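Protein chains in written order, with the working numbering: chain U, -14 to 242; chain C, 310 to 692.
Worth double-checking, as some hints may not be accurate.
[Unchecked claim] Facing chain C, a subset of chain U residues (Cβ under 10 Å, in silico):
| no. | residue |
| --- | --- |
| 1 | 40 |
| 2 | 114 |
| 3 | 166 |
It is worth saying that the hints were derived from the structure and are not from the lab.
Bear in mind the structure is a predicted one, so any value in this text is a computation, not a measurement.
The C-beta atom is built at its ideal place from N, Cα and C for all residues, glycine as well.
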Amino acid sequence: MSMIEERFRKLKGRGKKAFIPYIMAGYPSLEDTKDVLILFEKCGADVVELGVPFTDPLADGPIIQRASEMALLQGITLRKVIAFVRVVRRSIRVPLVLMTYYNPVFKYGEEAFVKDAKDAGVDGLIIPDLPPDEAGNLIPYARKESLDTIFLLAPTSNTESIKKVAKASRGFIYYVSVTGITGSRLLLDGSLEKFISGIRKYTDKPIAVGFGVSSPEEASSVSKAADGVIVGSAIVKRLHESPDDLRGYLISLREAI
Amino acid sequence: MPALKELEEAFFHSKKDREFQKELNQLRKTYIGRPTPLYFARRFTKYLGGAKIYLKREDLAHTGAHKINNALGQALLAQKMGKERLIAETGAGQHGVATATGAALVGMECEIYMGTEDMKRQALNVFRMRLLGARVTEVAVGSKTLKDAINEALRDWTTNVRTTHYVLGTVFGPHPFPLMVRDFQSVIGKEARKQILDAEGRLPDYLVACVGGGSNAIGLFYAFLPPDSSRLTSVIKMIGVEAGGEGIETGRHAARFAGGSLGVFQGCKSYLLQDDDGNILGTHSVSAGLDYASIGPEHPYLRDKGIIQYTHATDAEALAAFELLSKTEGITPALESAHALAEVIKLAPNLPKDEIIILNLSGRGDKDVQHVAKIKGIELRCR
Chain U
-14 MSMIEERFRK
-4 LKGRGKKAFI
6 PYIMAGYPSL
16 EDTKDVLILF
26 EKCGADVVEL
36 GVPFTDPLAD
46 GPIIQRASEM
56 ALLQGITLRK
66 VIAFVRVVRR
76 SIRVPLVLMT
86 YYNPVFKYGE
96 EAFVKDAKDA
106 GVDGLIIPDL
116 PPDEAGNLIP
126 YARKESLDTI
136 FLLAPTSNTE
146 SIKKVAKASR
156 GFIYYVSVTG
166 ITGSRLLLDG
176 SLEKFISGIR
186 KYTDKPIAVG
196 FGVSSPEEAS
206 SVSKAADGVI
216 VGSAIVKRLH
226 ESPDDLRGYL
236 ISLREAI
Chain C
310 MPALKELEEA
320 FFHSKKDREF
330 QKELNQLRKT
340 YIGRPTPLYF
350 ARRFTKYLGG
360 AKIYLKREDL
370 AHTGAHKINN
380 ALGQALLAQK
390 MGKERLIAET
400 GAGQHGVATA
410 TGAALVGMEC
420 EIYMGTEDMK
430 RQALNVFRMR
440 LLGARVTEVA
450 VGSKTLKDAI
460 NEALRDWTTN
470 VRTTHYVLGT
480 VFGPHPFPLM
490 VRDFQSVIGK
500 EARKQILDAE
510 GRLPDYLVAC
520 VGGGSNAIGL
530 FYAFLPPDSS
540 RLTSVIKMIG
550 VEAGGEGIET
560 GRHAARFAGG
570 SLGVFQGCKS
580 YLLQDDDGNI
590 LGTHSVSAGL
600 DYASIGPEHP
610 YLRDKGIIQY
620 THATDAEALA
630 AFELLSKTEG
640 ITPALESAHA
650 LAEVIKLAPN
660 LPKDEIIILN
670 LSGRGDKDVQ
680 HVAKIKGIEL
690 RCR
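Bound conformation, chain C alone (with noise of 0.2 Å):
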């Protein structure tokens, strides 16, 4: 708990802080290649035949997706406040490559923890980690997937809190971290408000994203929330796609709200895949980012007050979708963001031609390949 305190406080000094936010704004200018691009997507729009597409390319922001954003201002906030080491959980790797990245960049010592299941499925990135000069740590226990990844980096922070700072990567956890991890991402939804009145002269009337623990989503949402979101319902259809996986009647999926209920979990209040007695749930996804028994608290928030609704994919909609746009677009998307896409997929035929989707691709897909492939059925073999 102090060092919650703490670090709220070392936070909230940052942001007031010229020097740091300089230095924030030049690594996010230099080192991750922001303002990442807005683009149309005019074959994957034709294809679909409705309402036109933009991609804010979170994927080709520095390793690859949009964690970067968060993890770099930790790593610069930890370091202001004298940490020597930060520890991460990673579910697909890309929030563990991020902060793998952040402490080299800034010399601090780093260790990264990943469910046993999760390194099978993203062997790349494991090594990505350990190029990287990071320590990746197993979890063997539980079900051997994010949630139990961020079991055991708390447990190491509870025991090296004095020199260690904990990257969480997503809007979840105990204040200050949805909170904190919010405004690091919230630069996507900004930029991304610039971007489509500069190409459209107006606001899109849809905003599309991924839930895991929610970042990538509420990052491109928040710029666009109504300035008082107890009053108003926002103008701007904003929709998050959970990871249907096999279905929400097989039970083998990880959307919250279609299968959750409240209940407190690591550290916060928020819907939660649990069963009668209170234990968590497995849950099941073809991609590791959003294989997650939980979701940020800020989301329920926003649905209970009508701004954002939320749907899910299966992981053979995702499937189709990380297909579809490779083929008309030649972008490969993370299976995280697939998840949104065929949201689009299914929404924007049914729109009118005029009407405008806002879709972040959180992440690049090159991480997803092997996994794709094997799912496919293809051995990918170097002779």
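If we strip away everything but chain U, and leave its shape as in the complex, we get (with noise of 0.2 Å):
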């Protein structure tokens, strides 16, 4: 069992249900999101997620855009990532997961890029942009080096998609709330409860929603229905126009989950 499915497996034993927030590494600083993963474990973060800046992040919004152009101008790369979960991993003991376009990860080489960020402290993957139909190379050296593959399902996901993301996710599955991209409205009108049971019909892998959640309000929501809830957009936002709120926020939504 990962230390993913670890943390997910005592978290169900206690009724509880896991806190995912997310930074992009290298916004406004590496030095800063040190401090923020620090602050992130500190606040009770169950799993950390760390985005890769990329000149084209399809999946993602505006705020996210921009936190990866700033990053990209300060020379942050896949491979600087890599070398700066070394360093922060002796400061957090946390589960690590990295999320990473595609073609960083193709240019990189699968084989040596799921070594290396094994090898400095990484736990999981994500890559928005490679269906499990595309990841034939990428899964097999991930279960080699244990590293957990998590793959994403939308409301438009059919059945057969669902089985297919819920074979080939490891740690847990990503369910993305919202037809769109990170930092859209997110709609609570029942239908997340919905597809969520649609998807255990199917699978007893944890289910964590992301992409539009930001207030503690929606995160008590989706949290009754999923097994983590994924913080993103909402926290770059925060970092970026009021840095000094970021712990309580992260706190209230802790508290929230």
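Bring the two chains, given one by one in their own frames, into a single complex with the hints.
Rendered as structure tokens:
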């Protein structure tokens, strides 16, 4: 059982849900990112998600796009993020997943990337533009290194893709709560619960929900149906606008979940 | 992903649907104005003093470029699929105009994404799209050109997938787009093949087309490919011309084969201008339609089989060709097509006079006139 699965299992035993905050590596600087990751752990994060900047972040909304652009301007690359994880691992113990687009991984070389990431202390991978059908090379390397592969499902996913994602995912399944991009507006109309129970027909793997979760109220509502709640754009926005409030915000999210 | 599956099914169904094909053919004839002529460029040929040059006049298609062949096909397909809204990216503005036209024709809502840089270069086409009832949305992120417009259109599509069809403008992106766009554009080559047989009684020796995403090139070449491309090398030489910008050595270009490497981008695996870390590089070309970091995946496939050769023309060469064709033939080509002409200008004088070149004149140059005047330092003013 992976570190991430172990976390979810323990939480479940206590009737709790996972809090998974996201931050873009190198926004506004790698020094800040280290501080934020430490703060995430202190505020009770169960898993942390670290974004890798990319020139063309297709799945991301304007907030993370802007963070990505700023990180790129400072020369942050996939290689540098892996080296950074190696350093930050000395300060945090919480499981860490990388969110990166596929082309940097392809260019790096999938086998070398998986090995280097695991070696640096990465626990899982989220590659939003790589569906299971296209991950035939990556999955065996990840299995060999015991690196979790986390695939995405969306409200438009059909039974066939639910089965595929459930089979290929390790750690947890990432359910995208809205059709669209990160930071979209969340609609709490009961469809989320319905879809998640639909996924549970095919798998007992943990399901974490992201995209569009912003307020503690939303996080609380989402956590009723899901095993974990991912908050990204709202944290990046807070870090940009009022970094001093970040701690209080994280605590309120933790308490709500 | 389910949306792609839905599209694939609808597309294959439409291929067998006689009513759909009848309607499409009727519109090609009465609305686009097909078949477009294959014109023997007598004075241009004489000026160059070598092979006979025929121009496939896609510039005479409705809206002024080959883009309408695909946009109209997809608009019709989207209507049959019960979609309410069309979206598209555009670089030079031709695909945006074509999609806005298709939307007006079938009575659908339309939104076009266009990079800030391209909106500046192609102000005329922005106004045309608005005239056609489309909303033009500025994309001010990333490099602010075509690739960013595609990103934004893809973001829109994932958000509004239930009601919206994304009219991708070239043979790029995830399956079934490269196949579907090729299918709608292959009418160019089918016509040209018949027309050259009528005019010369034989097939041409060369086919030349510019390559951005590569839809006009595939559209012309496809009907001339050897029947089993895995075995035969083609006797007809096919040349794709990329944008050499200010020269490959300057790094300011969009020549993916000359300066790129294999990558995975916007839903397909192909050649890509990227840095060592897999980030996408900025591109440059005088023509917005060729100013793109990747190329449709069938092009590297056909290149590796030795069927198509690729070269590039610089901004300066394209500008010279733009003027030369205007003066010798009274035809002002799009700057994109002028890249293919630049290659013909190099090629034709060295060929025997009985050899035949067909060049795909993929678009008309009216949209570029203001931009070219600006490059030449001429101020256009109305009093």
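Status of the hints after comparison with the structure:
Evaluation of the residue 40 of chain U hint against chain C yields a held restraint, the C-beta minimum of about 4 Å falling below 10 Å. Taking 10 Å as the C-beta contact cut-off toward chain C, the hint placing residue 114 of chain U at the interface holds, the least distance being around 8 Å. Because the beta carbon of residue 166 of chain U sits about 5 Å from the nearest beta carbon in chain C, less than 10 Å, this interface hint is met.
Checked against the numbered hints above, the structure violates none of them.
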